[in-house]
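Student: Here is how the chains run, residue by residue.
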Amino acid sequence: ILNVEQSPQSLHVQEGDSTNFTCSFPSSNFYALHWYRWETAKSPEALFVMTLNGDEKKKGRISATLNTKEGYSYLYIKGSQPEDSATYLCASIQGAQKLVFGQGTRLTINP
Amino acid sequence: NAGVTQTPKFQVLKTGQSMTLQCAQDMNHNSMYWYRQDPGMGLRLIYYSASEGTTDKGEVPNGYNVSRLNKREFSLRLESAAPSQTSVYFCASRRYGGREGGTDTQYFGPGTRLTVL
Numbered sequence: 126i127l128n129v130e131q132s133p134q135s136l137h138v139q140e141g142d143s144t145n146f147t148c149s150f151p152s153s154n155f156y157a158l159h160w161y162r163w164e165t166a167k168s169p170e171a172l173f174v175m176t177l178n179g180d181e182k183k184k185g186r187i188s189a190t191l192n193t194k195e196g197y198s199y200l201y202i203k204g205s206q207p208e209d210s211a212t213y214l215c216a217s218i219q220g221a222q223k224l225v226f227g228q229g230t231r232l233t234i235n236p
Numbered sequence: 208n209a210g211v212t213q214t215p216k217f218q219v220l221k222t223g224q225s226m227t228l229q230c231a232q233d234m235n236h237n238s239m240y241w242y243r244q245d246p247g248m249g250l251r252l253i254y255y256s257a258s259e260g261t262t263d264k265g266e267v268p269n270g271y272n273v274s275r276l277n278k279r280e281f282s283l284r285l286e287s288a289a290p291s292q293t294s295v296y297f298c299a300s301r302r303y304g305g306r307e308g309g310t311d312t313q314y315f316g317p318g319t320r321l322t323v324l
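Residue numbers (this note's numbering), protein chains in the order written: chain W, 126 to 236; chain G, 208 to 324.
One chain only, chain G, in its complex shape:
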């Protein structure tokens, strides 16, 4: 049981290059999320997927696209990278047992540190 895995762990891009960050979870969770973490900003939601086949924008979706390939995998794509997208990216999946179930928990991957030059 690996939990949430992310690849790559580190990446350096030049402005204008594209890349896809991969995320997979083996916990059979319906919901998956992409966040970015910048100094002094906490975690900001980029996109989320409440279930297989659906995706929705979060706080900071501009410059990103996502694909929920199946229940396990949720990828984040940068079509034309910009220096402002230099950040640490976290993927998370969520066990959701209902509001009163007390089992609503997010599990985070190890993060991808991206630098755009």
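Just chain W, with the same shape it has in the complex:
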């Protein structure tokens, strides 16, 4: 099992500011990358599924990019709101079935 790394581990951002964080994954035998949003006391919910190098996905104020050649993905949040506070997980799919998760970036938006 090859590691998936996320940075930073935690982040405090002022309401209204934009922010971004990183997911690094093994570039060899890349299959797909998932992003999930995980609120406290709830279950993770899917944000994006990314498969192609150069992919960009957007959902409201949240967007993500993918670079499969160098093995990284960025998640961007524009104009952070308190409801964006959550842990953001990325997962690299290895061998089409195994999802290997990073440890997450815990985002806190300060009003």
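Treat the hints with care, as some may be off.
Lysine to aspartate or glutamate pairs mimicking DMTMM-like chemistry, simulated, CA-CA at most 20 Å apart [said to hold, decoys possible]:
| no. | chain 1 | residue 1 | chain 2 | residue 2 |
| --- | --- | --- | --- | --- |
| 1 | G | K216 | W | E170 |
| 2 | W | K223 | G | E280 |
| 3 | W | K223 | G | E266 |
| 4 | G | K216 | W | E164 |
| 5 | W | K223 | G | D263 |
| 6 | W | K223 | G | D245 |
Treat the hints as calculated values from the structure; they're not laboratory data.
We have chain W already, so just place chain G on it with the hints.
Tutor: Coordinates of chain G only, in the frame set by chain W:
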């Protein structure tokens, strides 16, 4: 449409006891997964089942067994619980529309919080 359901929600065991965590999905997904979540460790894959009748080990399978009873149900068994298995356990099912289909998504259950004393 309940999605992914897990039982029980909470459980306390003594070292050496056994128990089975139940998971069911009503979305007709082929793939199902068991994860554990520990502080600072993210989600770690215990076992998965790509389809009915098949199961495979994930990152941390030791101390666990699984059964894919049918397409809907995927159970996780602890034969002899140890304090190191204190964790929150998540079951998930996966809608898989092919790599280029853009519909590959995992759906998670609410979790089971297990404490082993």
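Student: Where does the structure disagree with the numbered hints, that is, which hint numbers, in rising order?
Tutor: Violated: none.
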